[in-house]
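If you want the building blocks of each chain, they are given just below.
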Amino acid sequence: GAVVSQHPSWVICKSGTSVKIECRSLDFQATTMFWYRQFPKQSLMLMATSNEGSKATYEQGVEKDKFLINHASLTLSTLTVTSAHPEDSSFYICSAGSNRVYGELFFGEGSRLTVL
Amino acid sequence: KQEVTQIPAALSVPEGENLVLNCSFTDSAIYNLQWFRQDPGKGLTSLLLIQSSQREQTSGRLNASLDKSSGRSTLYIAASQPGDSATYLCAVRLYNNNDMRFGAGTRLTVKP
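These protein sequence lines map, in sequence, to chains A and B. The first sequence runs 1 to 116 under the numbering used here. The second sequence runs 1 to 112 under the numbering used here.
These aren't lab readings, by the way, just hints derived from the structure by calculation. Keep in mind that this is a model prediction, so the values were computed, not measured. There's no promise every hint is true.
Label pairs and their in silico Cβ distance ranges [unchecked claim]: (1) B:P82 x A:S18: 24 to 30 Å; (2) B:P112 x A:V3: 29 to 35 Å; (3) B:S28 x A:S83: 37 to 43 Å; (4) A:S83 x B:P112: 46 to 52 Å; (5) B:S52 x A:K14: 44 to 50 Å.
Every residue gets a Cβ at the ideal spot worked out from N, C-alpha and C, and that includes glycine.
Start from the sequences and build out the full structure, keeping to the hints where you can.
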């Protein structure tokens, strides 16, 4: 199957700082990537859909000014958590679809953010 | 809005048992359904993908079935092992929306 890589796998930051998480499709092009958030012992919740070359589409209740998404190329989407607060601490996972494996989404390894 | 429900929320079985995990979804207009495994603090490992036109998929000791009309899927694990202990997530991909919607998962513990 196709490979999606996230970086960093974990990050600790102070309140008020910004953190950038990268999601790369390593061996395929992805016009659309998805960002999910997972709280402890809960399931994945879709935050936004990242579209290459255009603005991201955010789910209801997700602050677009706080969670900045940039999809500047067909292999890279970034999620920037701005002015991070402790309640932003979570596990963030991205996914992307490959037209080589029709219909399947591939997921990154996830990034654990801890805001002190 | 598509809702995905998984039952049970947690399951503990002795090693060697066969077991069934259940997943239901409210909107049958799905593109596909996928079962994942997630170990604590880790990402997702894809187990089985069932396209909407398929009834089941098998991989080793795992068998997943799909009944789209009733909005149900089951994951059957044969001869469970302690290494199978993890959270199992069911997710559906929608037709008119590209993303996947997840159930809350079933936390499985297989005791030696």
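For each hint, the structure was consulted:
Checking the proposed 24 to 30 Å range against B:P82 and A:S18 shows it is violated: the Cβ atoms sit about 42 Å from each other. The hinted window of 29 to 35 Å between B:P112 and A:V3 holds, with their beta carbons roughly 34 Å apart. Checking the proposed 37 to 43 Å range against B:S28 and A:S83 shows it holds: the Cβ atoms sit about 42 Å from each other. The beta-carbon spacing between A:S83 and B:P112, approximately 47 Å, falls within the hinted interval of 46 to 52 Å.
The hint said 44 to 50 Å for the Cβ distance between B:S52 and A:K14, and at roughly 47 Å that hint holds.
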